[in-house]
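Protein chains: 2
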Amino acid sequence: MAQKGSMLIDYSLEKSFELFEPGPVLLLTTKQGEKSNVMTLSWHALIDFTPIIAVVLSNGDYSFNTLRKTKECVLAIPNAELMQTAVSIGNCSGRETDKFATFNLTAAKSQRVKPPLIAEALYNVECAVIDVSLADRYGMFVLEGLKAWENEKIADRRTFHAHGNGIFTLDGEEINLKNLMTKWPQFV
Amino acid sequence: MAQKGSMLIDYSLEKSFELFEPGPVLLLTTKQGEKSNVMTLSWHALIDFTPIIAVVLSNGDYSFNTLRKTKECVLAIPNAELMQTAVSIGNCSGRETDKFATFNLTAAKSQRVKPPLIAEALYNVECAVIDVSLADRYGMFVLEGLKAWENEKIADRRTFHAHGNGIFTLDGEEINLKNLMTKWPQFV
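Here the protein sequences line up with chains A and B, keeping their order.
The first sequence begins at 1 in the working numbering and counts up by one.
The second sequence begins at 1 in the working numbering and counts up by one.
Just so you know, not all the hints are guaranteed correct.
Note that the list lumps identical chains together, so a pair holds whenever it fits in one copy or between two copies.
Derived DSS-like pairs (lysine-lysine); straight-line CA-CA distance at most 30 Å [claimed, not checked]:
1. Lys147 x Lys31
2. Lys147 x Lys178
3. Lys178 x Lys109
4. Lys178 x Lys71
5. Lys183 x Lys71
6. Lys183 x Lys114
7. Lys183 x Lys69
8. Lys114 x Lys178
9. Lys31 x Lys183
10. Lys35 x Lys183
11. Lys31 x Lys109
12. Lys153 x Lys69
13. Lys153 x Lys109
The hints are simulated quantities; they were obtained by calculation from the structure and are not laboratory data.
Remember, it's a predicted structure, so these values are computed and weren't measured experimentally.
Turn these sequences into a full structure, and let the hints guide you.
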């Protein structure tokens, strides 16, 4: 496990907003006591570049109360090869299932929070919950990224997007339109 | 213009959450008095299937105050052919620019709100702002979809995603994993 975990290298926290902006399916890890858990999530939005990220959970999710109580999590960005795993993670509950064991995920040690990194994900961002006041109204938690990691050994860099109804799309062709973005060069 | 507008047909409001869940770049129209405007947006999250959608704007955006004041908008989902237009829309302000004229967008009449539909978009969802209390803290407006439209004449159904730094990806391969989603069949 240590060996796999050691594949993770520092990634720029400043650039990590770019991981969330396209709206990929995410994995979210939590830890309560000695028990780590992971859920699948596609309802999220950037709030700021720093990054600040809003994530929306159901109050039926096992992670919901853990997140409210422990106020920390890791957001992992899975690649295309983890798509079936991500769907299966979303299809059972941490109440009954040890998901890291069941889905052969490697829990690597985080630096700033207790919930683990997922060594098989492209990127991991350790997050603090900075606002729980919207949890009851909208299931929303506001997160601040504290530390980002990359696994650059993973060859397939495509992420994937949920379309509801069991349909997903992989990232397709990449287009660079930097030349059109002249007004706010600080965002380029 | 009426002719182009008439290409729009009713679309299921119930299914329209599927348009937002993958996190595509959106266009958001507003109207104040006789002046319609449109902005480009990629910071948004679903809050509920009905659909309820959180959108995050900068308070520097010209649309910010209009949205707060008029409490209505249209969210349009542009296809791949509108990618350069969407970037250019995001690269100027409604303060100086008549964006519908400048970018040759056809403003079609909405049914439930004053801001116009964009006839060239794949889908349009007319929305009411149901919560402005997060506008100052997070630039966040909570929207409820009221009525959805589809332009089924558009051949290229691919949407696109912002990765920051002027990079975009088109929708790629579609994968159907409905068979894995057994626990919560109501979401399938």
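Going through the hints against the structure:
1. Taking the shortest alpha-carbon separations for Lys147 and Lys31, only the intra-copy value of 17 Å comes in at or below 30 Å, while the best inter-copy value is 41 Å.
2. Taking the closest pair of Cα atoms, Lys147 and Lys178 come within 30 Å of each other only inside a single copy of the chain (27 Å); across copies the shortest separation is 35 Å, beyond that limit.
3. For the identical chains of this complex, Lys178 and Lys109 are neighbours neither inside a copy (36 Å) nor across copies (33 Å), given an alpha-carbon limit of 30 Å.
4. Taking the closest pair of Cα atoms, Lys178 and Lys71 never come within 30 Å of each other, the shortest separation being 37 Å inside a single copy and 33 Å across copies.
5. For the identical chains of this complex, Lys183 and Lys71 are inter-copy neighbours only, at 28 Å across copies versus 38 Å inside a copy, given an alpha-carbon limit of 30 Å.
6. With identical chains, the CA atoms of Lys183 and Lys114 are at most 30 Å apart between copies only, with a shortest distance of 29 Å across copies and 41 Å within one.
7. Proximity of Lys183 and Lys69 under a CA criterion of 30 Å is satisfied inter-copy only: 26 Å between copies versus 43 Å inside one chain copy.
8. Taking the shortest Cα distances, Lys114 and Lys178 never come within 30 Å of each other, neither inside one copy (38 Å) nor across copies (33 Å).
9. In this homomeric assembly, Lys31 and Lys183 come within 30 Å of each other (Cα to Cα) only across copies, at 23 Å, whereas the closest approach inside a single copy is 43 Å.
10. In the homo-oligomer, the alpha carbons of Lys35 and Lys183 lie at most 30 Å apart only across protomers (23 Å), although the nearest pairing inside one protomer, at 48 Å, exceeds that limit.
11. Only within a single protomer do Lys31 and Lys109 lie at most 30 Å apart by alpha-carbon distance; the minimum there is 12 Å, versus 50 Å between protomers.
12. When the C-alpha separation of Lys153 and Lys69 is checked against a cutoff of 30 Å, the pair qualifies neither within a copy, at 34 Å, nor between copies, at 50 Å.
13. Taking identical chains as interchangeable, the C-alpha atoms of Lys153 and Lys109 lie at most 30 Å apart only when both belong to the same chain, with a minimum of 18 Å there against 51 Å between chains.
When each numbered hint is compared with the structure, violations occur for hints 3, 4, 8, 12.
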